[in-house]
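Asker: Read top to bottom, the protein sequences are chains A and B. Just so it is clear: in the first sequence, position 46 is 46 by the numbering used here, and no numbers are missing. Just so it is clear: in the second sequence, position 58 is 58 by the numbering used here, and no numbers are missing.
These aren't lab readings, by the way, just hints derived from the structure by calculation. You may find that some hints are simply not true.
Said to hold, decoys possible - Where chain B lies over chain A, by a calculated footprint (3+ residues, C-beta under 8 Å):
1) 54 to 62
2) 65 to 79
3) 179 to 188
Claimed, not checked - For each label pair, taking beta carbons as the anchor points, the in silico distance ranges come out as:
4) A:Ala41 with B:Leu289: 54 to 62 Å
5) A:Ala106 with B:Val7: 49 to 57 Å
6) B:Thr175 with A:Gly13: 54 to 62 Å
7) B:Asn125 with A:Gly63: 53 to 61 Å
8) B:Val100 with A:His187: 40 to 48 Å
9) A:His187 with B:Ala15: 53 to 61 Å
10) A:Asp171 with B:Thr175: 38 to 46 Å
11) B:Val100 with A:Glu116: 42 to 50 Å
12) B:Arg203 with A:Asp117: 29 to 37 Å
13) A:Glu116 with B:Val10: 32 to 40 Å
14) A:Ala106 with B:Leu114: 50 to 58 Å
15) A:Arg9 with B:Arg296: 30 to 38 Å
16) A:Gly13 with B:Ile168: 22 to 30 Å
Every value quoted in this text rests on a predicted model; they were computed, and no experiment measured them. Cβ coordinates follow ideal geometry from the N, Cα and C atoms, glycine included.
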Amino acid sequence: MVAAGIDFRLHPGERHALIGPNGAGKTTFVNLVTGRLAPSAGRVLLGGEDVTRRAPVERVKRGLARTFQINTQFMGLSVLENVRLAIFEREGLAWRMFRPAESYRAVTGEALAALEDLRLGPLAHRRVDELAYGESRMVEVALALASRPSVLLLDEPAAGVPAEGSQAILDQLARLPAHIAVMIIEHDMDLVFRFAQRVTVLDQGRVVATGTPAEVQSDAHVRAIYFGERAHG
Amino acid sequence: MSHRLRVMDVAPWAAAVLALFVFPRHLQLGTQILVMVLFVLSIDLLLGYAGIISLGHAAFFGLGAYCAGILSVRGIGDPLVGLAAAGALSGLAGLLCGLVVLRTRGLTLLMLTLGILLMLEEAANRAAWLTGGADGLQGMQVAPLLGLYEWDMFGRTAYLYSLAVAFIGFVFVRTLVHSPFGRSLAGIRENAVRMEAIGAPVRRRLVAAYGLAAMLAGIAGAVNAQAFQFVALNVLSFELSGAALIMLILGGAGRLYGAFIGAPLYMIASDTFAKLDPTYWLFWLGMLLIGIVMFRNRRAR
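For reference, chain B alone in the conformation it holds in the complex (with noise of 0.2 Å):
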């Protein structure tokens, strides 16, 4: 695997700058697809490349949301300040999370992050005080962007901004996939029994990814916050982390570019499925996904 820049780096974000100027009255739907991105990036980082799998992973998208968000609600509504805290915050609750739930494997670390998942969501719920509960968090008062770009109504600035955010976001992760920690990630994936015997913290070095993998997700959670100046409970939820999962499934896990295939093809297949046939839309949803698959078993034999 080189890291030498190839066009199938660059072309997604030719076609999202491009997106901006074709799809003028579609930038909310591309935010929410940005917003995915980069979420999914960040579980490409957790399964692809360091081979953990987790059914939770969605509990630091809300904790990053709810991060910015009440940060914004009680005064601290500069959106950098907000992503900043948002991104400390999930990945110090990725790195304490790693640490208990990275001593387990296979099933019992998939229930594990379901359950740490389940226990958050009901948290945010009770605490409405604080988060709003079902309601969801209202008031947010989000800064204009850098002092200077107000949030506006046709949603320019928030794309601009997820487009922004969700860049970095991918040039970081790249960069890490590609360097040592990065390389040695795909070798516990690949043998983490030959890893221990050369020397490598196995469990150290997962729990160093769930942490950063924890905080791109909680920095993907606050931009869809301030995007769209509410939270929902929904930030917290299984069938989010189930969702990004089929997504990552769907663009291919461990190559970079398959956040950027999954998250647009299943978002905008179910924005047009559920205007199609608002009843049925999942039932089409769940036929494109068997045929998606099926299909590429069949190219893979």
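So that you can see chain A by itself, here it is in the shape it has in the complex (with noise of 0.2 Å):
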């Protein structure tokens, strides 16, 4: 069992942080919201609706976007490309077969200003297989935007990064369009705590403290899981 029981909210606009031990079933729970896993019992909803049964690509033009723990981009094409297939899917124009890809300016122009608003425009040229480990990590981000979520799940966004870019990076979270509910999974507590409205911890597969980051700091069950502290009754 890898998740179990587990009651999640997330409300429009909010900043949730998931946390847990490694193999807590973090990112198993993200697979299962996005639909990578089918749960055996349970439901998801996206907007009140049930979508427990729809497919990843349909709970996408929902408006659901996620990135992923590992870089997981097309590694050989640029920042640009990348950035751009997303739109066209958006928009859905990718089934279109006898115009050029890059004709389409609009798309185009649109790629390039998410980028500037990542700071990643100077980027936008360079294959991602070229790019600096932090770089690639918003690339990540980038994609998932583009699909224009209103719910956004972020795997672990800094993992990974040194300090400095981890500092960055949250620099961009706290610029995301203020509608979006986005859920971060993280292990830098730093960036949790300074990023999240609400913490939810998980262990074995199941949530064992949800509030705010100063209640789930001080929670004595978290404690000992991240620290070894006895919890005296």
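These two chains come separately, so use the hints to put the complex back together.
Answerer: In structure tokens, the structure reads:
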């Protein structure tokens, strides 16, 4: 059992962090929500609609986007082409066969503007596999944002990024559109407590605590999980 | 990858037109090469751009060849009608096969494509009343091209016809790979998981690519049948699929011009070795392939 009894709610515009030790089931939870894994029981509701049986693609069309823990981009393509692919899909243009992709100037313009917003503009024409790791983590975010989601799930956006890069990522996350509900999985507690309004703690596939960062930080059960301290009843 | 026209895009066609005047006695070989260029281009679309490896793509080549051939035997000899029918039939077959085989991956996919080819080959062999079986389809009556150009014994009309069709096929594929659809195939080839995460219906997109590649292969087969007015059973052979794959690998997959390098290189080498050493020509062909691949690997390092 990798996830059980998880009753998780993400409200419009909320900044929510999902934390827990390795193997707690955080990424599994994201895979269940996005449809990469099918739950054996329970429901996934998106904007009130039951999307439990909907394919991942259909959930994306309904405003759900995610990033991946490990860089999962189109490494041999430029940063601009990466984002342009996402915009073509969103706009329903990806089935067009008789005009060059570059001729869709509005798409290219939007992609460049999106990259500028994330301070990736100068890297637009660089191949993703030529970027520094921290830069490529932001391309992950750019790809997800290009779908214009109402719900954004960020799986360890700062994973493997040095401290100064992590700060840059946090700065960008702070500038995400206010209407998007954002859930972030992170091990960087500094980033979590500066970013999140609410925090949920998972352990062995179950929710052990939910609350504000301060509430979670002082929760005895959470302290036991992270610091091995005994909970005193 | 820019969509702008480059010298490299135009040069092979200029060379093909020049060959008409420089090698007037080799137009039959030239026609065979152009047919294979189109067939290999269809495999490049499948493998080089969509990332789908198939051992059975000759199934569609053969389907197109028999379609055009049988139509002309039965009195529908207009080559353009035969061409359109072959493309439609092969395209439809490609879509239906794609719906099945693209549920699988890797070795399973490979074996399924091969299985389909083998079944079709045996079906054509058994249906001798329709296809001529092992003797081949004979009695084709292909009408003059556009009602004006007779099929001459020197192969000039056949050469120009195959050149025109191959050129149109190339323009189609080139347009396709630079389009949003083509770029999405590149995305799927690079990272299918990510494409799904940005909302791409990956399998549907691949099925469409499979159908388009099958259509092109069918058209190549039809041209082959019409140009030589005969359809042999080997249009449905694994050897043909394998040879076309080798041509693409020789020329380079995913670059469009791979077909223009690989097909002529392989066919001219085969033809030359067969003339020089009829007994052991395959040995020399194998040596050439090994040499080219090892040279290229060394350069890549």
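Asker: Among all the numbered hints in the text so far, which are the ones the structure does not match?
Answerer: Result: hints 3, 5, 6, 14, 15, 16 break, sorted rising.
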